[in-house]
Amino acid sequence: MTTTIPLPQRYSWQKFLPIVLPPLIVLVLVLVVWQILCSGSNPRLPAPITIIRESWHLIVNPFFDKGGTNKGLGLQVIESLRRVAIGYALASVVGVSIGILVGTNQLINRGVDPFFQVLRTVPPLAWLPIALAGFRQAETSAIFVIFITAIWPILINTSVGVQQVPQDYRNVSRILRLNRWEYFWTILLPASAPYIFTGMRIAAGLSWLAIVAAEMLTGGVGIGFFIWDAWNSSRVTDIIIALIYVGMVGLLLDRLVFYASKLIVQSEE
Amino acid sequence: MQSLPLPAPPQSPVELPFLELRDVSKYYPTPKGNYTVLQGVNLSVKSGEFVSIIGHSGCGKTTLLNLVAGFTRPSQGFVSLENQRITAPGPDRMVVFQNYSLLPWLTAYENIHLGVKSVYRPQNETERRQVRQIVEEHLELVGLTDAAHKKPKQLSGGMKQRVAIARALAMRPQILLLDEPFGALDPITREELQDELLGIWERTKVTVLMITHDVDEAIYLSDRIVMMTNGPSATIGEILTIPFAHPRNRARLTEDPQFFTLRNQCLSFLYERFALDIDHD
Amino acid sequence: MNTMQTYLEIDHVDKVFQTEAGAYPVLKNIHIEIKQGEFIAVIGHSGCGKSTLLNIVAGLERPSAGGVVLEGKEVRQPGPNRMVVFQNHSLLPWLTVRQNIALGVNRIFRDRSPQERKAIIDEHLALVHLTAAADKYPHQLSGGMRQRVGIARALALQPKILLLDEPFGALDALTRGRLQEQLMQICNQHKITAFMITHDVDEALLLADRIIMLTNGPGAQIGRILSVELPRPRQRMAVVNHPNYYRMRGEIVEFLNEQKKSKKQRELNRIAIAISRGNIEKVNLDLGFIPLTDASPLIVAKEKQLFQKYGLDVELRRQSSWNSLAEHLVNGELDAAMMLAGMPLALSAQSNRLITTAMTLSRNGNAITLSNQFNQPNTSPVEELRKHILTAKEKPIFGIVHPASMHNFLLRKWLIQIGIKPDVDVELVVIPPPQMVANLIAGNIIGFCVGEPWNTRAVLDDVGFIITTGIDLYEGHMEKVLGVNQIWAQQYPFTHLALIRSLLEACAWCQQSRNREELVDILSKPDYLNMNPKYIRPSLCNPIWLTKQQTRYLPQFHHFLVKNKPCITEYEWVLKQLTEWGILSCQNSQEFLKPIVRDDIFQEAIALLDLNLLKLDTQVSQQTSEVI
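Residue numbers (the numbering used here), protein chains in the order written: chain A, 1 to 269; chain B, 270 to 550; chain C, 551 to 1178.
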């Protein structure tokens, strides 16, 4: 066993430079190469400088609202996020609940597992026509697509997590004679929490992927339709700005769930 | 004490210290000043000797081993092997860790082969054949010829440790450093591997420095037991010479009156004179 | 056994697992009665089913047959009156130390006020010295600390019995040692009834009142039970320095080693198929011996190929203690063995097998050695000894090798002669011969009575001196005899005769003074006494070293060819001694001794023997007549 010795803590630029510098260099390099490649007359894609020049109003003003679908990218993203939030929240509640039910009951598990395995492979957008047929409403259908996309990873991971509760912990609860309620809150849920969060993290990524695609088809305010609309009106520079937004938000979502899990889950080691 | 610059090479070739630790101290700087792990350690190990180091956790045993391995360097004093100062790890000192440290995607044979190849760097077919022969010899030495083509996950803990020992020995080190090699094994396997290690040592007469927590293991295997005082500023408290002749036999050992005396001496050092208080962890 | 006192009873428990390959028996007929406040350790190799046994007591598993009764009530479910400390601690990683303990406390003591519950938790945190770590999470603790939390969690519920499942198995040897001491203190202070599973011999001896040894599975059974009669409260160093300690440790280690051999191998040992040749019903024999100078006839018969001469093919099986020798003879793993003179009687009375002896292997050969502390210039050692014994705070201890040994009788006789009452003034403790000297060095015993070479060893190693010899106390006493199972003797009469003849010829060889130097060399080999010849030579070749300065010439110290025919009157004396010292009781000595002492078989053996073979260089006529 080794003794841990507290090292003197020095925060300085020198420490962060090696972390920040390499991606910055790569970014600059990519932009320069892009600029060179697309700087001829009438390029197929706009060069970075062209993008900044033509879409300047989108960059500087993310929250303008000129009515209808003519809104700033910030507002578009918020609208998409609202749909994701509803669908994702529903998926989490339903997914975790069914997951626990399926995980604790071997019989139910055997009955439903094959169907879950089939359904989870259906691509998100394939659900859209069904949803539209059922709900006859674009908004609800989009949320449904998020829900149906996010639920599988949450559900399946939860049920696995529940099944994986170590026998030792079950023994502890038996010896302490914990009742079902105590067992649920003090053993089952915390023990399967790492699995549940893994599922939720995967689900968050998938929902964001799905919403952009779904909005392209359903229309209305939202980042997905914004991109579709920009394509239809040949505003390629706007599409590129929107893609950057989509990427950033996707990353933020992933980190958010990750840190939430770190905050809540007390891991063994 | 004389204050000569560096030790003059000893005159008698018989008494030539093979591994030498002279006034070795090791400390780490902390905001509250230096944290001393080892303080003034002096130890000479003869070629072909089997020396065990025993002490409670936190007594700096592992630091001592790391100094000999060359993973760290002493803050004061020096460590030398055959009058060469140790400053970096080298193939002349092979370490076997408690957790085997085998590459999981290579077979037992390949794990050993990788090490041997890196030392001998064979250039032509003859040399390559020699390398293969060395690997096979060492697999046989630890009785794993049949398991040569199994991956670590197909091997039991004891077998994995055998592969690790074979890998270390195959590089023909001058000294074998064992860091609690059998700590993770169940008692039966542990005894089997102790027997095997003893047999290998009796045949190859490689110099061994072993860290252990197990008094019986230390007595059974070693020529000398180095007992460490408790940290911080740990040092050698006492060195116990184990006089039993080789080859040794576990059952015969316990029929020798000296066995009980030595065992109790060792226990008394660890549980009476240098006992750790209950709160220590 | 007094059933009133039984607190927990594991009543003839069987456990069978149903697997795809069919029924797999794990435990067979396990019956243990535990008294209140008793600490029981169950030891066995991994996979022998000891954890299953603990789970059954805990109620986590149900036995296939039998049951567990706690205070007269059968337990069928887990409950807080039987708390388990698991090997892997099983703390909930998402709860702090305090919360982990509180989980059970709040559940079980829900009728108490929050203050009371907090007090219970605090008390138990303090008990395991973890008050400072109360708000840490398990992953912030060392392995030893986690295990202490596990103990506190269990004890906080004030269980009737604490179940420990290899509690320190995952820790390194020294941390384990420290936790054992702590657990021992807690158990002492709180008079806890405990049932512990372990594979650590030292741990079991330190903590337990009784050690239950399980055989290897499948179908593990209780192999042996050892009562650990070490005084409490115990201290580790006091425990390992107790003269009894290494004998008990040796017994457990030997049991475990025995189990280690594969079941098949053990079966093979047991049922060594009899190979017959000519009129000899079984030529392949396993003979048990203890590495002592007295084993000379067996060793010489082997080395000088006298067994072959009489058509036998003998393997000598070295035994680590008289107890294991006896066990192996009784269960048939050994065909025959050298024995202490009283052993055939004691074994016949205590086991359900009759042990027969038809030959005496040696006479004399014993001495009483005292610690050098009594050998001061210008004083009488006996006076010094008497003074020491009468003023000692604790009863001083003498070592003997077996209760049914001549050593026991001789030592008692001598003590009475010098005015010391055995058992009252001094304690006599059974210690294997090799450990006598070590115990004398450590000061655990003040003297011993033992066979050679251990007296000489003590003298030459400068730890003791010979105060008197067996010759001075009882000239020509029986020492070692040949013991066989009565059934074996009936089954293989010609084998028995051949064995006696070959050993008799070996005795003659050993008796010759011109052979004695060679005998010393043979005995010193690693397979036999494994000792420097300087320790073996004095008693065989003379003179004997009484102290490092003083020698004595005793040519008759070892007799191998004098009165080898068993004599019923001598055994009557032995039986009287055994009865007198409470080792066994016997109503009708004639009736009891008759099937055991078989002078008739000896007579038959020498009837057709060429007596010239037994001729010695000197005193031929006298010696030969004495044999017969």
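Since the hints were derived computationally from the structure, they do not count as laboratory data. One or more hints might be untrue.
[What the hints assert, rightly or not] Simulated crosslink set (EDC-like; lysine to aspartate or glutamate; CA at most 20 Å straight-line):
id: 1; chain 1: C; residue 1: K1113; chain 2: C; residue 2: E1025
id: 2; chain 1: C; residue 1: K810; chain 2: B; residue 2: E465
id: 3; chain 1: B; residue 1: K386; chain 2: B; residue 2: E351
id: 4; chain 1: C; residue 1: K810; chain 2: B; residue 2: D492
id: 5; chain 1: C; residue 1: K1075; chain 2: B; residue 2: D525
id: 6; chain 1: C; residue 1: K963; chain 2: C; residue 2: E1120
id: 7; chain 1: C; residue 1: K1084; chain 2: B; residue 2: E524
id: 8; chain 1: B; residue 1: K474; chain 2: B; residue 2: D492
id: 9; chain 1: C; residue 1: K578; chain 2: C; residue 2: E621
id: 10; chain 1: C; residue 1: K578; chain 2: C; residue 2: E588
id: 11; chain 1: C; residue 1: K859; chain 2: C; residue 2: E673
id: 12; chain 1: A; residue 1: K262; chain 2: C; residue 2: D685
id: 13; chain 1: C; residue 1: K945; chain 2: C; residue 2: D973
id: 14; chain 1: C; residue 1: K963; chain 2: C; residue 2: E934
id: 15; chain 1: C; residue 1: K810; chain 2: B; residue 2: D464
id: 16; chain 1: B; residue 1: K474; chain 2: B; residue 2: D455
id: 17; chain 1: C; residue 1: K811; chain 2: B; residue 2: E409
id: 18; chain 1: C; residue 1: K811; chain 2: B; residue 2: D492
id: 19; chain 1: C; residue 1: K854; chain 2: C; residue 2: E1067
id: 20; chain 1: C; residue 1: K710; chain 2: C; residue 2: E588
id: 21; chain 1: C; residue 1: K1144; chain 2: C; residue 2: D1160
id: 22; chain 1: C; residue 1: K741; chain 2: C; residue 2: E1025
id: 23; chain 1: C; residue 1: K810; chain 2: B; residue 2: D455
id: 24; chain 1: C; residue 1: K937; chain 2: C; residue 2: E977
id: 25; chain 1: C; residue 1: K1084; chain 2: B; residue 2: D525
id: 26; chain 1: C; residue 1: K686; chain 2: C; residue 2: E673
id: 27; chain 1: C; residue 1: K811; chain 2: B; residue 2: E461
id: 28; chain 1: C; residue 1: K811; chain 2: C; residue 2: E831
id: 29; chain 1: C; residue 1: K1075; chain 2: B; residue 2: E524
id: 30; chain 1: C; residue 1: K811; chain 2: B; residue 2: E406
id: 31; chain 1: C; residue 1: K741; chain 2: C; residue 2: E611
id: 32; chain 1: C; residue 1: K811; chain 2: B; residue 2: D455
id: 33; chain 1: C; residue 1: K943; chain 2: C; residue 2: D973
id: 34; chain 1: C; residue 1: K810; chain 2: B; residue 2: E409
[Unchecked claim] Here are some chain C residues the structure puts well away from chain A; computed CB gaps all over 10 Å:
id: 35; residue: K585
id: 36; residue: S596
id: 37; residue: N638
id: 38; residue: S640
id: 39; residue: R657
id: 40; residue: R827
Don't be surprised by glycine CBs; every beta carbon is placed ideally from N, CA and C.
Right, here's what the structure says about each hint:
A C-alpha spacing of about 13 Å is found between K1113 of chain C and E1025 of chain C, which places the hinted pair at or below 20 Å, so the restraint holds. The hinted pair formed by K810 of chain C and E465 of chain B meets the criterion: a straight-line CA distance of about 17 Å does not exceed 20 Å. Our distance criterion of 20 Å between C-alpha atoms is broken by K386 of chain B and E351 of chain B, whose separation comes to about 25 Å. At most 20 Å may separate the alpha-carbon atoms for a hinted pair to count; K810 of chain C and D492 of chain B exceed this at roughly 28 Å.
Distance check on the hinted pair: K1075 of chain C and D525 of chain B sit about 14 Å apart at the alpha-carbon level, within 20 Å; holds. At roughly 16 Å between alpha-carbon atoms, K963 of chain C and E1120 of chain C fall within 20 Å of each other, so this suggested pair holds. Restraint check for K1084 of chain C and E524 of chain B: the C-alpha separation of about 17 Å stays at or below 20 Å, so the hint holds. The hinted pair formed by K474 of chain B and D492 of chain B meets the criterion: a straight-line CA distance of about 12 Å does not exceed 20 Å.
The suggested pairing of K578 of chain C with E621 of chain C is violated, with an alpha-carbon distance near 23 Å, which exceeds 20 Å. Between K578 of chain C and E588 of chain C the alpha-carbon distance is near 23 Å, which puts this suggested pair outside the 20 Å criterion. A distance of roughly 76 Å separates the Cα atoms of K859 of chain C and E673 of chain C; the hinted pair therefore is violated under the 20 Å criterion. Taking the CA atoms of K262 of chain A and D685 of chain C, the gap is near 19 Å; set against the 20 Å cutoff, the hint holds.
With a CA separation close to 9 Å, the supplied pair K945 of chain C and D973 of chain C stays within the 20 Å bound. Distance restraint check for K963 of chain C and E934 of chain C: the Cα-Cα separation of roughly 19 Å lies within the 20 Å cut-off, and the hinted pair is therefore satisfied. Under the criterion of a C-alpha separation no larger than 20 Å, the hint pairing K810 of chain C with D464 of chain B is consistent with the structure, at around 15 Å. Between the alpha carbons of K474 of chain B and D455 of chain B the distance comes to roughly 27 Å, so the proposed pair goes past 20 Å and is violated.
A hinted pair counts as satisfied when its Cα atoms are at most 20 Å apart, and K811 of chain C with E409 of chain B does not qualify at roughly 23 Å. Proximity of K811 of chain C to D492 of chain B is assessed by CA-CA distance (about 29 Å); at most 20 Å being required, the pair is judged violated. A hinted pair counts as satisfied when its Cα atoms are at most 20 Å apart, and K854 of chain C with E1067 of chain C qualifies at roughly 15 Å. Between K710 of chain C and E588 of chain C the alpha-carbon distance is near 11 Å, which keeps this suggested pair within the 20 Å criterion.
For the given pair, K1144 of chain C sits about 28 Å from D1160 of chain C by alpha-carbon distance, which is inconsistent with the 20 Å threshold. In summary, the hint linking K741 of chain C to E1025 of chain C is not supported, as the alpha carbons are separated by about 52 Å, beyond the 20 Å threshold. For the suggested pair K810 of chain C and D455 of chain B, the alpha carbons sit about 13 Å apart, so the restraint of at most 20 Å is met. A distance of roughly 16 Å separates the Cα atoms of K937 of chain C and E977 of chain C; the hinted pair therefore holds under the 20 Å criterion.
Pair hint K1084 of chain C plus D525 of chain B holds up; C-alpha atoms about 15 Å apart against a cutoff of 20 Å. For the proposed pair K686 of chain C and E673 of chain C, the alpha carbon gap of about 17 Å is at most 20 Å, so the pair holds. Restraint check: the Cα-Cα separation between K811 of chain C and E461 of chain B comes to about 12 Å, which is no more than 20 Å; the hinted pair holds. A C-alpha spacing of about 28 Å is found between K811 of chain C and E831 of chain C, which places the hinted pair above 20 Å, so the restraint is violated.
For the hint pairing K1075 of chain C with E524 of chain B, the CA-to-CA distance comes to about 14 Å; that is within 20 Å, so the pair holds. Restraint check: the Cα-Cα separation between K811 of chain C and E406 of chain B comes to about 28 Å, which exceeds 20 Å; the hinted pair is violated. Note on K741 of chain C and E611 of chain C: the hinted pairing is violated, with a Cα-Cα distance of about 27 Å set against a maximum of 20 Å. Annotation: proposed proximity of K811 of chain C to D455 of chain B holds, straight-line Cα distance about 16 Å (limit 20 Å).
With a C-alpha separation of about 15 Å, the suggested pairing of K943 of chain C with D973 of chain C holds against the 20 Å cut-off. Taken as a hint, the K810 of chain C and E409 of chain B pair is broken in the structure, with Cα atoms around 24 Å apart against an allowance of 20 Å. At roughly 23 Å, the least C-beta separation between K585 of chain C and chain A is larger than 10 Å, which holds for a residue marked as non-interface. For S596 of chain C, the shortest C-beta to C-beta distance to chain A comes to about 17 Å, beyond the 10 Å cut-off, and the non-interface label holds.
Remark: the non-interface label on N638 of chain C conflicts with the geometry, its nearest Cβ contact in chain A lying 6 Å away (cut-off 10 Å). For S640 of chain C, the non-interface assignment is contradicted: its Cβ lies about 4 Å from the closest Cβ of chain A, within the 10 Å cut-off. Here R657 of chain C does not stay apart from chain A, with its beta-carbon only about 5 Å from theirs, under the 10 Å limit. Distance check for R827 of chain C against chain A: the nearest CB is about 59 Å away, which clears 10 Å, and the non-interface claim stands.
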